[in-house]
Every structure is written in C-alpha cells, then in structure tokens.
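Chemist: Sequence:
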Amino acid sequence: MEAPETRPAPKPGKPSDEPSSYRPLCMLDMASKILKRIICDRVEAFTERPGGLSERHYGFRKGRSTIDAIEDVISTAREAIGGKR
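Using this note's numbering, the first residue of the sequence shown is number 960, and each one after it goes up by one.
If you're looking for bench data, these hints aren't it; they were derived computationally from the structure.
Possibly wrong hints are sitting among the right ones.
[Stated by the list, open to error] Each pair of labels, with its calculated beta carbon distance range: (1) I993 to R1023: 37 to 43 Å; (2) P963 to G1018: 24 to 30 Å; (3) R1020 to Y981: 30 to 36 Å.
[Unchecked claim] Pairs of lysine to aspartate or glutamate residues, derived as DMTMM-like cross-links and limited to a Cα-Cα distance of at most 25 Å, are as follows: (4) K973 to D988; (5) K995 to E1007; (6) K992 to D1031; (7) K1021 to D1000; (8) K1021 to D1031; (9) K992 to E1014; (10) K992 to E1003; (11) K992 to E977; (12) K1021 to E1003; (13) K995 to E964.
Since this is a predicted model, take the numbers as computed values, not measurements.
Beta carbons: idealized from backbone N, C-alpha and C, even for Gly.
Construct the complete structure from the given sequences, taking the supplied hints into account.
Modeler: Written out as structure tokens, the structure is:
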C-alpha cells in the first residue's frame, strides 16, 4: 500500500485564485479502501458483540449519540435521588 495522495478540489462557486476556495481531497487506491472496510467491519463486529464495549460507551458507535449519554446520566441521577441505587 502506498501513502494516500492529497489533491486540491475546487469548492463550487468560489474564486479559483484564492487558496480558501479549495478543499483537500485524499486519493486512496482501491486496495486500501477495501482493506479499510474489512478492518472497520471486523472491529465493529468485535465491539458490538456481547462482552465487547460497555453499554455506557457512546463515543463513535452507530446508533449512539451525546443525547443518549445525557439521558443515561439524568436517569441514573434520578434513580439515585429516588433511592433506587
């Protein structure tokens, strides 16, 4: 595998003579993309299986958000105040 090549891509509707009118575009070869997808799928399958990550781990997981984490904290606090814990 080679290092990815970065090329400037013009932003639509922006003047071409300004550096801020371009965004970086990373060019990966197809083998790198396939290998990355295989590794990501395996890591995700490992972390989502029973005994993988804690149910309270919200970062970088599909179907989990900051709102879910906040709701969990509020729920735990309410249970503690109510004497359930």
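Chemist: Look at each hint and say if it fits the structure.
Modeler: Against the structure, the hints:
Checking the proposed 37 to 43 Å range against I993 and R1023 shows it is violated: the Cβ atoms sit about 27 Å from each other. Take P963 and G1018: their Cβ atoms lie about 25 Å apart, and the range 24 to 30 Å holds. At roughly 33 Å, the beta carbons of R1020 and Y981 sit within the given window of 30 to 36 Å. Proximity of K973 to D988 is assessed by CA-CA distance (about 29 Å); at most 25 Å being required, the pair is judged violated.
A C-alpha spacing of about 18 Å is found between K995 and E1007, which places the hinted pair at or below 25 Å, so the restraint holds. With a C-alpha separation of about 36 Å, the suggested pair K992 and D1031 falls outside the 25 Å cut-off, and the hint is violated. The hinted pair formed by K1021 and D1000 meets the criterion: a straight-line CA distance of about 12 Å does not exceed 25 Å. In summary, the hint linking K1021 to D1031 is supported, as the alpha carbons are separated by about 17 Å, within the 25 Å threshold.
With a C-alpha separation of about 30 Å, the suggested pairing of K992 with E1014 is violated against the 25 Å cut-off. This hinted pair checks out: K992 and E1003 have alpha carbons roughly 16 Å apart, not beyond 25 Å. Proposed proximity of K992 and E977 is contradicted: the alpha carbons are some 31 Å apart, above 25 Å. Of the pairs offered as hints, the one joining K1021 and E1003 holds, with about 9 Å between alpha carbons and a cut-off of 25 Å not exceeded.
Between the alpha carbons of K995 and E964 the distance comes to roughly 16 Å, so the proposed pair stays at or under 25 Å and holds.
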